[in-house]
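> Letter by letter, the chains look like this.
Protein chains: 2
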Amino acid sequence: MKPLVVADLHASLSDPVLESMNFLNEVAGRFRDAISFAAGRPTEKYFEIEDVERCLARFREHLEVSKGLDPSQVRRLLLQYGRTKGIVHDLIATNLAVDEGVVVDPEAVVVTVGCQEAMFLVLRALRADERDVVLAVSPTYVGIAGAAQLVDMPLRPVRSGAGGIDLDHLADQVRGARAAGRRPRAVYVVPDFANPTGTSMDVRTRRALLRLAEELDFLVLEDNPYGLFGDHDERPPTLKGLDENTRVVYLGSLAKTCFPGARIGYVVADQPVSGGGVLADELSKIKSMTTVNTSPLAQAVVGGKLLQHDYSLVAATKRESDVYRRNRRLLLDGLAERFPGGELSWNTPAGGFFVVVDVPFVADDQALERSAGGHRVLWTPMSHFYRGSGGEHQLRLSCSALAPGQIEEGLNRFRAFAGEQIRESGVVR
Amino acid sequence: MKPLVVADLHASLSDPVLESMNFLNEVAGRFRDAISFAAGRPTEKYFEIEDVERCLARFREHLEVSKGLDPSQVRRLLLQYGRTKGIVHDLIATNLAVDEGVVVDPEAVVVTVGCQEAMFLVLRALRADERDVVLAVSPTYVGIAGAAQLVDMPLRPVRSGAGGIDLDHLADQVRGARAAGRRPRAVYVVPDFANPTGTSMDVRTRRALLRLAEELDFLVLEDNPYGLFGDHDERPPTLKGLDENTRVVYLGSLAKTCFPGARIGYVVADQPVSGGGVLADELSKIKSMTTVNTSPLAQAVVGGKLLQHDYSLVAATKRESDVYRRNRRLLLDGLAERFPGGELSWNTPAGGFFVVVDVPFVADDQALERSAGGHRVLWTPMSHFYRGSGGEHQLRLSCSALAPGQIEEGLNRFRAFAGEQIRESGVVR
Numbered sequence: 001m002k003p004l005v006v007a008d009l010h011a012s013l014s015d016p017v018l019e020s021m022n023f024l025n026e027v028a029g030r031f032r033d034a035i036s037f038a039a040g041r042p043t044e045k046y047f048e049i050e051d052v053e054r055c056l057a058r059f060r061e062h063l064e065v066s067k068g069l070d071p072s073q074v075r076r077l078l079l080q081y082g083r084t085k086g087i088v089h090d091l092i093a094t095n096l097a098v099d100e101g102v103v104v105d106p107e108a109v110v111v112t113v114g115c116q117e118a119m120f121l122v123l124r125a126l127r128a129d130e131r132d133v134v135l136a137v138s139p140t141y142v143g144i145a146g147a148a149q150l151v152d153m154p155l156r157p158v159r160s161g162a163g164g165i166d167l168d169h170l171a172d173q174v175r176g177a178r179a180a181g182r183r184p185r186a187v188y189v190v191p192d193f194a195n196p197t198g199t200s201m202d203v204r205t206r207r208a209l210l211r212l213a214e215e216l217d218f219l220v221l222e223d224n225p226y227g228l229f230g231d232h233d234e235r236p237p238t239l240k241g242l243d244e245n246t247r248v249v250y251l252g253s254l255a256k257t258c259f260p261g262a263r264i265g266y267v268v269a270d271q272p273v274s275g276g277g278v279l280a281d282e283l284s285k286i287k288s289m290t291t292v293n294t295s296p297l298a299q300a301v302v303g304g305k306l307l308q309h310d311y312s313l314v315a316a317t318k319r320e321s322d323v324y325r326r327n328r329r330l331l332l333d334g335l336a337e338r339f340p341g342g343e344l345s346w347n348t349p350a351g352g353f354f355v356v357v358d359v360p361f362v363a364d365d366q367a368l369e370r371s372a373g374g375h376r377v378l379w380t381p382m383s384h385f386y387r388g389s390g391g392e393h394q395l396r397l398s399c400s401a402l403a404p405g406q407i408e409e410g411l412n413r414f415r416a417f418a419g420e421q422i423r424e425s426g427v428v429r
Numbered sequence: 001m002k003p004l005v006v007a008d009l010h011a012s013l014s015d016p017v018l019e020s021m022n023f024l025n026e027v028a029g030r031f032r033d034a035i036s037f038a039a040g041r042p043t044e045k046y047f048e049i050e051d052v053e054r055c056l057a058r059f060r061e062h063l064e065v066s067k068g069l070d071p072s073q074v075r076r077l078l079l080q081y082g083r084t085k086g087i088v089h090d091l092i093a094t095n096l097a098v099d100e101g102v103v104v105d106p107e108a109v110v111v112t113v114g115c116q117e118a119m120f121l122v123l124r125a126l127r128a129d130e131r132d133v134v135l136a137v138s139p140t141y142v143g144i145a146g147a148a149q150l151v152d153m154p155l156r157p158v159r160s161g162a163g164g165i166d167l168d169h170l171a172d173q174v175r176g177a178r179a180a181g182r183r184p185r186a187v188y189v190v191p192d193f194a195n196p197t198g199t200s201m202d203v204r205t206r207r208a209l210l211r212l213a214e215e216l217d218f219l220v221l222e223d224n225p226y227g228l229f230g231d232h233d234e235r236p237p238t239l240k241g242l243d244e245n246t247r248v249v250y251l252g253s254l255a256k257t258c259f260p261g262a263r264i265g266y267v268v269a270d271q272p273v274s275g276g277g278v279l280a281d282e283l284s285k286i287k288s289m290t291t292v293n294t295s296p297l298a299q300a301v302v303g304g305k306l307l308q309h310d311y312s313l314v315a316a317t318k319r320e321s322d323v324y325r326r327n328r329r330l331l332l333d334g335l336a337e338r339f340p341g342g343e344l345s346w347n348t349p350a351g352g353f354f355v356v357v358d359v360p361f362v363a364d365d366q367a368l369e370r371s372a373g374g375h376r377v378l379w380t381p382m383s384h385f386y387r388g389s390g391g392e393h394q395l396r397l398s399c400s401a402l403a404p405g406q407i408e409e410g411l412n413r414f415r416a417f418a419g420e421q422i423r424e425s426g427v428v429r
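In the order they appear, the protein sequences are chains U and D. When you line the first sequence up against full-length UniProt numbering, it's residues 1 to 429, in that order. When you line the second sequence up against full-length UniProt numbering, it's residues 1 to 429, in that order.
No lab work stands behind these hints, which were simulated from the structure alone. For clarity, every value in this text was computed on a predicted model and none was experimentally measured. Quick reminder that beta carbons are idealized off the backbone N, C-alpha and C, glycines included. Treat the hints loosely; a few may be bogus.
As the list claims (entries may be wrong) - Taking beta-carbon pairs under 10 Å as the criterion, some of the chain D residues facing chain U (in silico): (1) ASN25; (2) ALA148; (3) THR246; (4) PHE259; (5) GLY261; (6) TRP346.
Claimed, not checked - Once the Cα atoms are required to be at most 27 Å apart in a straight line, the calculated DSS-like pairs of lysine-lysine come out as: (7) LYS45(D) - LYS67(U); (8) LYS67(D) - LYS45(U); (9) LYS2(D) - LYS318(D).
Bound-form chain U, shown alone (with noise of 0.2 Å):
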């Protein structure tokens, strides 16, 4: 047969965002030999198979005894088909109870494959036309914007300002939308070190946002895969837990707090929908079309590990959280010591994975080419989490998933490459 062409397929097929994604793994894969600032990926440090195996004898263990299922009921949820919105979602419900202090009925949770299937379930819900449009704080995380892609629905940016978010600029965008006949249902912020710029919301800002949601009738999807990784141990308020109007949809992610390879993560909707039923109950007769329940083999993992470690995310995740906060440390001197003439410029995240860095130099994938290339370091052009133009001077840097000595080296490349952009750019300062 003659080939498909491409402009027969879905749109989301020709659009920047997921052609970007391609381009980063395919650099990534090309140049296996560079140390990596690109990949937001957790550390390996403490991963063992062994304690997959152990987290699920801990889960058959906990239904055995703590449920009273018999072997036979044991085997059929493990291995048969199941329930749709999954069955770690009491677990989860109760982590959000110790870790968060969040109180959230455990059939408005849905355990989902991964945060992102979480994100197209949401969104797929509330597109029912073309009327209805997202917006994101800019720059936005790709999943959100390739998810919002794959149901046809705009994204539409907004300004992050100084508290995390413009609140000015969100309802402006709202009001806009509306006068030109639009419906914006929800707005996706991560209030907690956002990917891809490390910065947080505080806590005026947060309700703040939840008023103008209730004021002028709006969603907000608050994403929180980075929240537990924070320099400091207290942490602020979820919007989920100063969310008394059920606007706030919580999407969870257990990708960085367990294992990635598990691909669990979760959405809490306990928005009343007309009929009866919450939000939930809709997500999940999507998701029955999508992806039918999530692998229980891979929730029971996830399971066991709470219930390793009582509940909490907090306590599980200690010796990955010093990592992450010596790394960020490593970072951020390792930049102060290479740059100290103030040819770069960059924000100090108080938790997270990522750091913005400012450069006088265009940082676009031609750039991303050299440096990879000829000095061996990789790291995220900005401009891929920008919707149209943005980000043309900015680069992310990613530390979760290096060795002190590999963020040393790392930088030293990076320092190497920078010079010699710098140099060959003519910009002098």
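We have chain U already, so just place chain D on it with the hints.
Leaving out everything else, chain D in the frame of chain U:
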């Protein structure tokens, strides 16, 4: 906040397809002590949790010995984020060669979260705009109807006919859709022991379908979850095995051949795409925004199972296949014993999980409620598998997950129920 209005959510959430799934699950949940001829689940007779651990260990050995990975590479592969197209794609390609004689490039395989995600990815890719439609033999598996709903793609019915599909009607539907300005992109078929009808496509029809696909330029989506479970050891060639022009997108499920709890399916999409690559590469991009990647832990379990049986799922499912043969025989003989007078009639599939019964009363949701409440026996109204009207006097019996005693007792209950319905509807034959 005021409740979300269902009419403001995606149309799929008001569609009968999703409602019907919900209803059937709800009935099954409400009458847990009923004998269920409704569930199309695999037998649990040989389920063993220890098997999961053995499979995982076998796959690790494969990575270490055959692939030469060191322990840190194994940990990374199983626990970290991974390749979007999967890590058991090569084992699946070998399985297709061993069991089906089908040779495919492993790069054309995308491992998915069950076959349902494979359907979603394919339809999402093919549905570019409102002109695109997909065709399916009617009555149709609800999973494809649901996936089509999620991407706003109309599903047009094709009559099944004697050979498993009425090719004249298919040609009419394709030409008619084109004349009306639509783009019929693909036809969905289950050539072997289809759900819900149990019927199969003869080899002549398979070849003719492929010729028609070439002549009228559409793709064939071949779904094959039951092909290994026939009365006879010799099996007809799959459509993919007969496919000389990459017309066939092959949808595979490992739910019935390994464990449903692993949630592993796959799609073989070797269709060339303009600009290079194959359709699998495009599906991979969509998957990166749907579930990112399939749990490598879950893939490892399935991979280990394939390795244990020298890549043959025929060998791996010998015991299960015997159970299904016995159960079909018990079901068909049991129906003949209990309804000797021709009050009911049924088909006699040569494989798979399902038998369709024609009844002289309306076999709708209300009848199912009466059967469940009054007689403690469940079945599936065939009307759920039709878009619009159809199947009002038919029901589906599934025997895959029952023990012999349950089939006998279930049929006794079903006879009592059917007798009551016939008397009350006043039908005399």
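> If a hint holds in the structure, say so; if it does not, say that too.
Taking the hints in turn, this is what the structure says about them:
no., hint, verdict
1, ASN25, "holds (8 Å)"
2, ALA148, "holds (9 Å)"
3, THR246, "holds (6 Å)"
4, PHE259, "holds (5 Å)"
5, GLY261, "holds (4 Å)"
6, TRP346, "violated (25 Å)"
7, LYS45(D) - LYS67(U), "holds (23 Å)"
8, LYS67(D) - LYS45(U), "holds (22 Å)"
9, LYS2(D) - LYS318(D), "violated (55 Å)"
Hints 6 and 9, counting from the list given before, are not met by this structure.
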